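Protein chains: 2
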Amino acid sequence: MTTLEAIKNRTSYRGIFEDTAVPREDLRKIMEAGLAAPSGCNTQTTSLIAVDEPQLLRRLNEVTELETPATATAMICVLAQKLIAYRDRSFYVQDYSAAIQNMLLAIVELGYQSCWYEGQITDEDKIGRKMADILGVPEEYELVCFLPVGIAAESLNYAVKMPFEQRAWFNGFGAKS
Amino acid sequence: MTTLEAIKNRTSYRGIFEDTAVPREDLRKIMEAGLAAPSGCNTQTTSLIAVDEPQLLRRLNEVTELETPATATAMICVLAQKLIAYRDRSFYVQDYSAAIQNMLLAIVELGYQSCWYEGQITDEDKIGRKMADILGVPEEYELVCFLPVGIAAESLNYAVKMPFEQRAWFNGFGAKS
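In order, the protein sequence lines correspond to chains A and B. If you use my numbering, the first sequence corresponds to residues 1 to 177, in order. If you use my numbering, the second sequence corresponds to residues 1 to 177, in order.
It should be emphasised that the hints constitute simulated quantities derived from the structure, not laboratory data. Every clue listed holds true.
A pair counts as met if it fits within one copy or between any two copies, since identical chains are not told apart.
The calculated lysine-lysine pairs, modelled on DSS-like cross-linking and capped at a C-alpha distance of 25 Å, are:
1. K8 x K29
2. K176 x K161
3. K82 x K130
4. K126 x K82
5. K130 x K176
6. K8 x K161
7. K176 x K29
8. K82 x K161
9. K161 x K29
If you're wondering where the values come from, they're calculated on a predicted model, not measured in any experiment.
Input sequences plus hints: build the corresponding full structure.
Now the structure itself:
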């Protein structure tokens, strides 16, 4: 699969997963893809924890209370540190977002599906912190997102997007190409 | 090139570019890759402008005052709208970061190089707004980043990153795999 194909094929999969283990080797490749993303001033603010132990997955899924991602046999948790890149500026949100996007593409390339779960665990109920506590994550890291990883058992749906011409132009805003 | 190869090969290229035009077709493919990125609640907060007119490029590069990206024959400007995904939450930074990462990978796949220029144009001097004015971008859009696009004329350098074991683990923070 070329990069452009993986980019086109990727979608937010919210269905049920097959009960098939994801090999450690693949989880490592996915995490390596995440860590290969750029970070502002190379501060490398993103860290990752892959979870494939069934009991640990069960505890995390009890906390998230989300049904379909709980059927995945693996999960990658994304940790962020709000480190300063220069002066008072941190690019940690950009950093972890680029890392997540790399991982989503690697997941597709390796034959799996996933979805970016962030808002669900970073609202006032602080589910991300509960997950972090289960995983022994220190307070200076924020658990900002998790990605279920597994083989899709249901069909894929693609988000309907605005036409290219409404979001992209050449040589000027709203210009005709 | 597979996705994993593109992810590994991508680097922040800050050298001089060859004086070779980037075909419109390639710029369109790169922008399509950007727009294919996910966005929080599918709000599609990211828009793009590709610039390849030499005079327009010159005006933009006068504003950025950056030497090496100014040698690129094309540039993609990233526009962000801080739209609400749900309640009071906007994921626009995540949205444009995922779009940028997709574009950086597409750029590598198509044989070009680039670099994520964000802090340079979003500091107090508001260079991004000056660029936006040149491109006729309405006030409700923020020009948050630009990506030069071109063929590298110099060798690539790769950022030195922390070892995998210091940033990624299985089944617990800092755990040995």
